[in-house]
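Visitor: On the provided structure of chain W, position chains B and G as indicated by the hints.
Residue numbers (the numbering used here), protein chains in the order written: chain W, 1 to 287; chain B, 288 to 579; chain G, 580 to 826.
No wet-lab data here; the hints were simulated from the structure.
These numbers come from a predicted model, not from an experiment.
Among the hints, a few may not be true.
Said to hold, decoys possible - Cβ pair distances, simulated, as ranges:
id, chain 1, residue 1, chain 2, residue 2, range
1, B, Val-565, G, Lys-584, 32 to 42 Å
2, G, Gly-645, B, Val-565, 23 to 33 Å
3, B, Val-565, G, Gly-591, 21 to 31 Å
4, W, Ala-109, G, Gly-690, 31 to 41 Å
5, G, Glu-708, W, Gln-55, 12 to 22 Å
Quick reminder that beta carbons are idealized off the backbone N, C-alpha and C, glycines included.
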Amino acid sequence: MDFYYGLAQIVGVHTLLGLSAYIVLLTGQVSLAQAAFFGIGAYTAGMLTVLAGWQIVPALGGGALVGSATACAVGFPALRVKGLMLVVATLAFGEGVRLFFFNFDYQVAKGGIKVGPLGGEGFRQIRYFPEHGWTTGEVMLFIWAFVLAAMAALWWFDRSRYGAVLRAVGEDELAAQSVGVNLTAVKVSAMTIGGAIAGLGGGIYAHYTTHIEHSNFNVLVATFALAYPIVGGLSNVFGTLAAVIFVQVFLIEGLRDLGDWRNLLFGALIILAMNLRPHGLFGRRSA
Amino acid sequence: MLDLLQAISDGLLFGATYALIGIGFTLVFGVMHKLNLSYAAASIGGAYCGLLVLKVAAGAPAGLVFFGAFVAGGVIGWLVYVACFHFIPLSNPLATLMSTVGMLLLIDEIIVHVTAGMPQNYPAMFDDVMLHVGGYTLRGDLLLVFFLSVLCMVGLLALLYRTKLGLATRAVSQQAVAAQLCGIRVARVNAMTFIVTGLLGGVAGAMIGAAVGALSPLLTAPLTVKGLIVTVIGGLGNIPGAIIAGLLVGGFENVFQLYRGVTERDFYVMLLLFAFLVFRPGGLFAPKGSRD
Amino acid sequence: MLELKSVARHFGGVRAVDGLDLKVAQGEIVGLIGPNGSGKSTAVNVITGLFPLTAGEIYYEGQALGRVPTHRRLQLGIARTFQNIRLFGQLSVWQNLWVAQNSPSDRAHRGFLSRWLGGQKGVRAEIAELLEFSGLAARQDELAANLSFGEQRRLELARALAAKPKLLLLDEPAAGMNHEEIGQLKERILRLRSRGITIVLVEHVMELVMGVTDRIAVLNFGQKIAEGSPAAIQNDPLVKKAYLGGA
Chain W
1 MDFYYGLAQI
11 VGVHTLLGLS
21 AYIVLLTGQV
31 SLAQAAFFGI
41 GAYTAGMLTV
51 LAGWQIVPAL
61 GGGALVGSAT
71 ACAVGFPALR
81 VKGLMLVVAT
91 LAFGEGVRLF
101 FFNFDYQVAK
111 GGIKVGPLGG
121 EGFRQIRYFP
131 EHGWTTGEVM
141 LFIWAFVLAA
151 MAALWWFDRS
161 RYGAVLRAVG
171 EDELAAQSVG
181 VNLTAVKVSA
191 MTIGGAIAGL
201 GGGIYAHYTT
211 HIEHSNFNVL
221 VATFALAYPI
231 VGGLSNVFGT
241 LAAVIFVQVF
251 LIEGLRDLGD
261 WRNLLFGALI
271 ILAMNLRPHG
281 LFGRRSA
Chain B
288 MLDLLQAISD
298 GLLFGATYAL
308 IGIGFTLVFG
318 VMHKLNLSYA
328 AASIGGAYCG
338 LLVLKVAAGA
348 PAGLVFFGAF
358 VAGGVIGWLV
368 YVACFHFIPL
378 SNPLATLMST
388 VGMLLLIDEI
398 IVHVTAGMPQ
408 NYPAMFDDVM
418 LHVGGYTLRG
428 DLLLVFFLSV
438 LCMVGLLALL
448 YRTKLGLATR
458 AVSQQAVAAQ
468 LCGIRVARVN
478 AMTFIVTGLL
488 GGVAGAMIGA
498 AVGALSPLLT
508 APLTVKGLIV
518 TVIGGLGNIP
528 GAIIAGLLVG
538 GFENVFQLYR
548 GVTERDFYVM
558 LLLFAFLVFR
568 PGGLFAPKGS
578 RD
Chain G
580 MLELKSVARH
590 FGGVRAVDGL
600 DLKVAQGEIV
610 GLIGPNGSGK
620 STAVNVITGL
630 FPLTAGEIYY
640 EGQALGRVPT
650 HRRLQLGIAR
660 TFQNIRLFGQ
670 LSVWQNLWVA
680 QNSPSDRAHR
690 GFLSRWLGGQ
700 KGVRAEIAEL
710 LEFSGLAARQ
720 DELAANLSFG
730 EQRRLELARA
740 LAAKPKLLLL
750 DEPAAGMNHE
760 EIGQLKERIL
770 RLRSRGITIV
780 LVEHVMELVM
790 GVTDRIAVLN
800 FGQKIAEGSP
810 AAIQNDPLVK
820 KAYLGGA
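Chain W extracted, bound-state conformation (with noise of 0.2 Å):
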């Protein structure tokens, strides 16, 4: 059964990162940071749970603050460069949050040994759920609650003004600014509110798996939360949970016995998927 757990909390997480992307894909943002902030909630997180011993939710809290508030700063700059160089810009920051991370020290003494971010080494002791006695299964339950507070505000969002206008943006924006839409508020708000579900999801990442380090965080991460709500479609939702349920329940898991493989099949089920149905599984509502 625990096995279950896991796999619904690795699903729960990542679901979080998709989402995060998903949003910021509305207003035709294409952005490769979302795995940034997502480590930078799981770091901030992380410390201020292990190193300040804060309860988890307001950790959490701490976490998606700081992810939205560091998405916030990315997202005014992000205004000034036009389609896929925004692709290379965010790519490039990802890759120097990970580098920051690879070089971050900050290890403190408690009861006798330290702990903390060690560069390279990672964070290690990312202990809150075992030292408060948590099951898996509580934690799943907990990740999930989290979830599903996150979808259903985004769907919230997709049926108000707000998501219509997000999608409008990402259509046209010279139309957009024509009919009054202030651009550069729906695209950073869009952006922000990307990097506080980034920054929770990075948050529980870094509590359930209980070590993390700048590797967790690269590109490769970066393009599964693209992946996921483009993969899935940008109608709804429900494409990007599915589709992290179909690479990672599937995928990753169906294939186990394929060992090595499965990576290597990842990127041609990708390919594939791609050919075969270019707006995504759930794809476009018609036309």
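Guide: Chains B and G in isolation, oriented as in the chain W frame:
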């Protein structure tokens, strides 16, 4: 001072390979308005294939290995075109972007599997030749890298500006629909673009292998990032820009390494990118605003 | 209501608009005609703020617009339609109108949360009225990309009206329309005027321009070469020369 000049000259010479990678990215963008994120990986892949020459004929001269890489690069380029661009409607940039990401993963993994993750030695030419100019040294093998890369660039420019294919390519990059109406087979031009950039990429990969002395799958990610940086600094779609930017990035990279060491070097190259994005998003030779 | 003083917009060496003076009084319907390339669309683009001015100034309700951004100009009451329709194809007819619902009066009556995160109920009445006006009520849930050309044109106009503009700039709204459709468009424009909206009509289709405008300004090479009533313009030799060329 001598160290600085040495670092710059070594960097410039090596930067020619970055220029080739940058050209590959920028040419595909110029012609198809799409980004092929698997390009750097494909280049390294081509270089690996060059090593197959040694499997078949152990002790073959390095030049033959380079030629093998050249040819393999072209083949891989064509395969990338077919898998990622030929069937996906061009109006869907996200899908093609994602498929090139898939291709990047695929190529990376194939390399890891075939070589069991072990770095492979790469032959070099003239690595025992050292030219001494004034107080500093020009490595023979780096000079060859530079020379071969320049040869490729000249060849490409000749292709683009002196041949019918080049003319067709430039036409498609400016107005694909109108080009079609003039009888140009756009699909063929696109495929040729990938083959040509693939050929260049194979050489670039081989040159990198020769200059470093070995190939490893770990090279693909940093090379992808650097290639993209070169493309952005040179201006998307701007070939002369990519050439100059490649040399610049190579030079700066070495200078950063001289003063701040290897681990921080990449961080500074990144800062260089951000400086450009903020102050000159159109690249070094940004065109003035136009009517549209 | 609107005044352009020596307005110029250059693109490098191309002087799309070059020293244009134009006055539009409140409640007027002013036509802007001229051969292709005369600067009509560019004029609309600088009035709405999509391009900054190279020289001159634009006054709206007495205030200089300066570098006020496009979306703010919409909130001040300046709306436009596009020559080559720019609808949000992947959004429904209803959503296209909803996105544009952002007028000052709207903002005064409804709070931030309600306007942005609220559902469709609060604005149902207003949007329904727009749909009625444009004859699109039956198609309200259809994706804009699936509409017929005529329906798309009507939606383009309705969307410009959604923010309750005071000044409406129509960029070649009759292009590709048949006689009957032009008649309907004429009627709609007159109804808009009776609601108090000032209209600037950029157009090639003379049937519409002559039939609906109070005054016409003629552009050529970015400058105004003639201005007057429709009848006067029809007989003006300079205008004929500009359109037909030659002696």
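Visitor: State the violated hints by number, sorted upward, taking the hints as numbered earlier in the document.
Guide: Of the numbered hints, 4 and 5 do not hold.
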